[in-house]
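If you're matching them up, the sequences are chains A and B in order.
Reading the first sequence from the start, the letters are residues 1 to 536 in the working numbering.
Reading the second sequence from the start, the letters are residues 1 to 536 in the working numbering.
Mixed in with the good hints there might be a few duds.
Given that identical chains are not distinguished, each listed pair holds provided it fits within a single copy or across any two copies.
[As the list claims (entries may be wrong)] EDC-like, lysine to aspartate or glutamate: derived pairs with alpha carbons at most 20 Å apart:
#1 388 <-> 5
#2 515 <-> 236
#3 357 <-> 345
#4 483 <-> 241
#5 388 <-> 23
#6 483 <-> 43
#7 483 <-> 66
#8 357 <-> 116
#9 504 <-> 241
Don't read these hints as lab results, they were simulated from the structure.
There are 2 protein chains.
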Amino acid sequence: MTFNDFGKRKYWGWGLTGEGVPEQQRERVRRLLTSTFGVTPGELPPPVSPDQAELARSRLTLPGQDWYSSDPHQRLLHGAGKSYLDVLNMRHGRFNHLPDVVAFPGNLEQLASTMEWADQVNAAIIPFGGGTSVTGGVNPVVSSRFDGTVTINLGRLDKVLDIDTTSRHAYVEAGILAPALDAALRQQGLSIRHYPQSYYFSTVGGWIATRSGGHYSTLLGKIDDRVASLQVMAPDGTVSESRTLPAGSVGPDPNRLWIGSEGSLGIITRARVRIVRQPTHKSTSSLHFPDFESGLDAARAIVQSGLYPAHLRVLDPFEAMMSAGISGSGGAVGATMILGFESADFPVDEQHARAQKIATEFGGKARTAAGSSNSDESVDGWRDTFFKQPYLRDLMIEWGVIAETFETAIPWREAHQFYRDVRDDVMNVLQSQCGGGGVLCRTTHAYPDGVAFYFSFFAPARRGAEHEQYAVIKTAATDAVIKYGGTASHHHACGRDHAPWAHKELPELWYRAWKGARHALDPAGRMNPGVIFPEQ
Amino acid sequence: MTFNDFGKRKYWGWGLTGEGVPEQQRERVRRLLTSTFGVTPGELPPPVSPDQAELARSRLTLPGQDWYSSDPHQRLLHGAGKSYLDVLNMRHGRFNHLPDVVAFPGNLEQLASTMEWADQVNAAIIPFGGGTSVTGGVNPVVSSRFDGTVTINLGRLDKVLDIDTTSRHAYVEAGILAPALDAALRQQGLSIRHYPQSYYFSTVGGWIATRSGGHYSTLLGKIDDRVASLQVMAPDGTVSESRTLPAGSVGPDPNRLWIGSEGSLGIITRARVRIVRQPTHKSTSSLHFPDFESGLDAARAIVQSGLYPAHLRVLDPFEAMMSAGISGSGGAVGATMILGFESADFPVDEQHARAQKIATEFGGKARTAAGSSNSDESVDGWRDTFFKQPYLRDLMIEWGVIAETFETAIPWREAHQFYRDVRDDVMNVLQSQCGGGGVLCRTTHAYPDGVAFYFSFFAPARRGAEHEQYAVIKTAATDAVIKYGGTASHHHACGRDHAPWAHKELPELWYRAWKGARHALDPAGRMNPGVIFPEQ
Chain A
1 MTFNDFGKRK YWGWGLTGEG VPEQQRERVR RLLTSTFGVT PGELPPPVSP DQAELARSRL
61 TLPGQDWYSS DPHQRLLHGA GKSYLDVLNM RHGRFNHLPD VVAFPGNLEQ LASTMEWADQ
121 VNAAIIPFGG GTSVTGGVNP VVSSRFDGTV TINLGRLDKV LDIDTTSRHA YVEAGILAPA
181 LDAALRQQGL SIRHYPQSYY FSTVGGWIAT RSGGHYSTLL GKIDDRVASL QVMAPDGTVS
241 ESRTLPAGSV GPDPNRLWIG SEGSLGIITR ARVRIVRQPT HKSTSSLHFP DFESGLDAAR
301 AIVQSGLYPA HLRVLDPFEA MMSAGISGSG GAVGATMILG FESADFPVDE QHARAQKIAT
361 EFGGKARTAA GSSNSDESVD GWRDTFFKQP YLRDLMIEWG VIAETFETAI PWREAHQFYR
421 DVRDDVMNVL QSQCGGGGVL CRTTHAYPDG VAFYFSFFAP ARRGAEHEQY AVIKTAATDA
481 VIKYGGTASH HHACGRDHAP WAHKELPELW YRAWKGARHA LDPAGRMNPG VIFPEQ
Chain B
1 MTFNDFGKRK YWGWGLTGEG VPEQQRERVR RLLTSTFGVT PGELPPPVSP DQAELARSRL
61 TLPGQDWYSS DPHQRLLHGA GKSYLDVLNM RHGRFNHLPD VVAFPGNLEQ LASTMEWADQ
121 VNAAIIPFGG GTSVTGGVNP VVSSRFDGTV TINLGRLDKV LDIDTTSRHA YVEAGILAPA
181 LDAALRQQGL SIRHYPQSYY FSTVGGWIAT RSGGHYSTLL GKIDDRVASL QVMAPDGTVS
241 ESRTLPAGSV GPDPNRLWIG SEGSLGIITR ARVRIVRQPT HKSTSSLHFP DFESGLDAAR
301 AIVQSGLYPA HLRVLDPFEA MMSAGISGSG GAVGATMILG FESADFPVDE QHARAQKIAT
361 EFGGKARTAA GSSNSDESVD GWRDTFFKQP YLRDLMIEWG VIAETFETAI PWREAHQFYR
421 DVRDDVMNVL QSQCGGGGVL CRTTHAYPDG VAFYFSFFAP ARRGAEHEQY AVIKTAATDA
481 VIKYGGTASH HHACGRDHAP WAHKELPELW YRAWKGARHA LDPAGRMNPG VIFPEQ
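Working from the sequences, and respecting the hints, build out all of it.
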């Protein structure tokens, strides 16, 4: 998928037009929904065709240059991210907030010119990488102090500028899509090895702006640690770039201010990211645990041991059951751990065996034998399933099911209780709002000091009342996460959807500092207003 | 060493009164200086006794509370850090800049009250942890817009508040000294395993404020990655604390703004740091390389392999020779690599063997056999020598030798050329300023994408002209580091000494952001003015 394919994406759901859940799996999920939740899937009329959609008129006069567009299809494609509400609204033809203009600058001059134009017409600027935000990060919902919104799609800034095989850096323009970067790297035996669920549709700049987390988890997990330098443009067109350094101590790390800034402090235009050699040794296995808690304890012991699995996930019993049910691989009872090691240098079987031994001490039983493989297919099968999950979510929405995920992180000491408390609170709200439903949980990342939980929930919606039901559920879930000590996001960023909780989670002095930095870089507060902290 | 021992420190040099270089080693170094540099060590009269020192009068009226002091000895002890110039000045009785008052708040209320008092009397505030800065970070050198300076010694905020053995966090007050923290942790089989050269005299808050680097390098090296949460006080007395999280993505990482802030954005009052189990398996060896470059290549291959040595240093031939000469362990020819692995979970001999094998591919030859040991003594011997090096530097100053170190980091691709270019530039300036001298280099940290170099230089000073000579040398060395693409510090912070280079190294937009954040937190610019960026 290149920039030129952007128009092939669905404006109303995940991924590409024509892609979705295969018929056979659809049927399995339908049966599962009926048997587990008593839901009778309904159907929706097809999505509105872009050329028949009735959109509010663009409030801005289109500038003359050829990189601007107010084409209805482009406005729809840039009108929202991919959260439950985004898909629900788009799928039902509710186009509440669309950018007035979409810009596709092809170089820094055009980008600066776009920023200048936005200033002239008093428009808010929404930076747009792959547009896969599930937290309202790209939704052009801004206060009335602006006379319009311009979404800047960075997809034409997609060049690979340098691959340094000695330092293992890839120097890229920020709008490059993950598969394009990996294709360039693969020719030299290298890889970014960063696989967020949005892999096929997200950009390096988007990863950095949102502190994304990848599928390969323990050491290479967070993009935060993979940034060696950044180039950033402020709304006044000033561009500056940090030095490429493995580490330093001249003041706070400048890169870290932009990593996670979600466009609020300028636009990331280039990045030098740390890359790795394509692994040649891989070994994975699946283990069974009597319950989630013992799986968690084993995960903790493994990551605290000094072993660095490339892949370590624990699925709670319900998640394991659903996962098996959806894939058709048979019923699972208890919790499941997926454990994998990889290396480009040495065989990993021993490390794997050591980790399995630790797991055994916590009641783990190998369900599949440790498998060594040089082929991507066998080891990365789970990853591919994982990439396709968002299509399933869209299907749920079509069928009238409220289906959403939320994620968080918590230190190990609090992890058991936190898991139970959050799950219980969400179950209660599903019960009161929808008369039932289910909450699933898996760990996505394990750190020496804590763990990231990824919760999914499903509940039968009342057609037409989904918004209200969802709002109550989302509020209860986020309240629970914050109340029990977690964070409102571990790799999906804050966006607009979590901004109401930011003041509860983030330190007051940080808020002041961020506001001061923002004011210095962007006196008009034009850059993605409303993300992280609510607009005032 | 506890806070109560603070008065036992030398105001004019490194460490404790009475501690220094043992007589036998003194003689070896004296001979080495004569034979290598043709220097005839001179002697200085003893340092001025604090009660006979003639100090400028304190410009501030001492507040009544018992945690303030304007005692001459305290003012001397807090008058400078431990850079070459600091020691030179103090040793010669040149007390150019002393704080007017030193405060020792014992709790947050007293700290807030001190900040309030500083505001009332228009004093600049110099936060002071262990005072071991070698970059002017604690020197009360501020612009005339202030009516005085108050140095806040945080040494009474030294409590261990919580040790979480499950999440492996130590929650401490920021003024705690490293050995006190380690003593508390050792009882539970845990350790901070962070050993900067200042270990015995520096504080956790100081480490965090300066982005310190520890002796155990590859994975646990930088304190940046060890911070799970921070409590910070702004000059208006507002205290806020980040959540304890293994990771997150709700905006930029708030902790990272204060990590490396050198007191410029408030005072770090508490930290929750990631700790580890005391290693029980250790293995180290020493390897010989024909030249530094092949040692560097081997180091790169080892860290890029996915092995994580606890300890990996390469000494250039001159450093290796001097190191052997000083310790008396015999002459070394070529470069030396010190390689060590450790684990609290599994034997590390195989990893060690794998790393040695990689080293062999680059011309490395094991000089000592890989040694496994459970005892701290054998493995950590090099560390103890390393801790004592600053005493040697003081001796050089006494003898009339300009002796200083500077450090930097650089990506691997540029590392060979950078090393040679910087070394040549420094040799040239030593030649022109002092008629000769020597430049040594070792790596202190190796990362998958680059390396940290630690340069030392020695040259015979012209008595009385040391200042001017040093200024020219320091400028040439820092110019070289910046010109060839490095950073002016990798684990010593920027301080006031490197601030003139900050605008050359750091991105313009970061400067704007930092200034905006600082203004929001500290409108008067009272907090450690002049560090990182020069005062305006």
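Here is how each hint holds up against the structure:
no.	hint	result
1	388 <-> 5	within (19 Å within a copy, 62 Å between copies)
2	515 <-> 236	both (17 Å within a copy, 17 Å between copies)
3	357 <-> 345	between (23 Å within a copy, 12 Å between copies)
4	483 <-> 241	between (39 Å within a copy, 16 Å between copies)
5	388 <-> 23	within (14 Å within a copy, 71 Å between copies)
6	483 <-> 43	neither (37 Å within a copy, 65 Å between copies)
7	483 <-> 66	neither (49 Å within a copy, 41 Å between copies)
8	357 <-> 116	neither (60 Å within a copy, 57 Å between copies)
9	504 <-> 241	between (33 Å within a copy, 11 Å between copies)
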